[in-house]
Amino acid sequence: DVKVTQSSRYLVKRTGEKVFLECVQDMDHENMFWYRQDPGLGLRLIYFSYDVKMKEKGDIPEGYSVSREKKERFSLILESASTNQTSMYLCASSQQGSGNTIYFGEGSWLTVV
Amino acid sequence: GENVEQHPSTLSVQEGDSAVIKCTYSDSASNYFPWYKQELGKGPQLIIDIRSNVGEKKDQRIAVTLNKTAKHFSLHITETQPEDSAVYFCAASMTGGYQKVTFGTGTKLQVIP
Numbered sequence: 002d003v004k005v006t007q008s009s010r011y012l013v014k015r016t017g018e019k020v021f022l023e024c025v026q027d028m029d030h031e032n033m034f035w036y037r038q039d040p041g042l043g044l045r046l047i048y049f050s051y052d053v054k055m056k057e058k059g060d061i062p063e064g065y066s067v068s069r070e071k072k073e074r075f076s077l078i079l080e081s082a083s084t085n086q087t088s089m090y091l092c093a094s095s096q097q098g099s100g101n102t103i104y105f106g107e108g109s110w111l112t113v114v
Numbered sequence: 116g117e118n119v120e121q122h123p124s125t126l127s128v129q130e131g132d133s134a135v136i137k138c139t140y141s142d143s144a145s146n147y148f149p150w151y152k153q154e155l156g157k158g159p160q161l162i163i164d165i166r167s168n169v170g171e172k173k174d175q176r177i178a179v180t181l182n183k184t185a186k187h188f189s190l191h192i193t194e195t196q197p198e199d200s201a202v203y204f205c206a207a208s209m210t211g212g213y214q215k216v217t218f219g220t221g222t223k224l225q226v227i228p
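Those protein sequence lines, which keep their order, are chains A and B. Under our numbering, read the first sequence as residues 2 to 114, first letter to last. Under our numbering, read the second sequence as residues 116 to 228, first letter to last.
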């Protein structure tokens, strides 16, 4: 069974803290993604990676960075968390190319106070 | 870039009735249209997809139709059941190489027993 695992389901962080969201997939997928989900806004792409050490900006990259040192792991970093980054964060992966199923993790609820 | 609009944002139906969710897209080059279902507390999961070389696809109680000329596609759920209650997302992308998947804003479907 395919699996995308997000290590933290619920986090509460203070404004200005550095936050790491970790994601691991066990499907040997080349592509990995970080989305943000907010009510009424759907799923918005923050960053994606199509290979180890490669990254591309999505629609809303401001305030975020990513790291992909190993094929199975993709980390989202909030360098200095702000209250407007309170949201649900979804990690996902897919096989190389397009038109392939995207598999999502269960999400990480981040509250910045 | 691609823009996907999804309607309605909420939908309530009686158990056993049909539900229809509609999406429009802006980029005529898009040729892959997946639908995802997100149950409470979980990540989205692919339920059906359609490619632009077909006009309709069915899988048991769910079906998707595509009108390339009008640039819209729809999800149809027949004989709805309480377990169909979830948030549904449509999406659009192009195939070939890596192409970004653009999601709609989601429809919260409630099936009333």
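Since the hints were derived computationally from the structure, they do not count as laboratory data. Check each hint, because a few of them may be wrong.
Only pairs whose alpha carbons sit at most 30 Å apart, straight line, appear in this in silico DSSO-like list of lysine-lysine [stated by the list, open to error]:
hint, chain 1, residue 1, chain 2, residue 2
1, B, 157, A, 56
2, B, 157, A, 54
3, A, 58, B, 215
4, B, 137, A, 58
5, B, 183, A, 4
6, A, 14, B, 186
7, B, 152, A, 56
8, A, 4, B, 186
9, B, 137, B, 186
10, A, 71, B, 157
11, A, 58, B, 157
Computed from a prediction, not measured in an experiment: that's the story for all the values here.
Taking the hints in turn, this is what the structure says about them:
1. B:157 with A:56: holds (26 Å)
2. B:157 with A:54: Cα-Cα ~28 Å, so holds.
3. A:58 with B:215: Holds - the C-alpha atoms of residue 215 of chain B and residue 58 of chain A are around 11 Å apart, at most 30 Å.
4. B:137 with A:58: Within the cut-off at roughly 29 Å; holds.
5. B:183 with A:4: With Cα atoms ~34 Å apart, residue 183 of chain B and residue 4 of chain A exceed 30 Å; violated.
6. A:14 with B:186: Violated, at roughly 43 Å.
7. B:152 with A:56: Judged against 30 Å, a Cα distance of about 27 Å means the pair holds.
8. A:4 with B:186: With a Cα-Cα distance of about 33 Å, the restraint between residue 4 of chain A and residue 186 of chain B is violated, given a limit of 30 Å.
9. B:137 with B:186: Since the Cα atoms of residue 137 of chain B and residue 186 of chain B sit roughly 11 Å apart, the hinted pair holds (cutoff 30 Å).
10. A:71 with B:157: Distance of about 25 Å is within 30 Å: holds.
11. A:58 with B:157: Holds. Residue 58 of chain A to residue 157 of chain B sits at ~25 Å (cutoff 30 Å).
This entry does not satisfy hints 5, 6, 8, going by the numbered hints stated previously.
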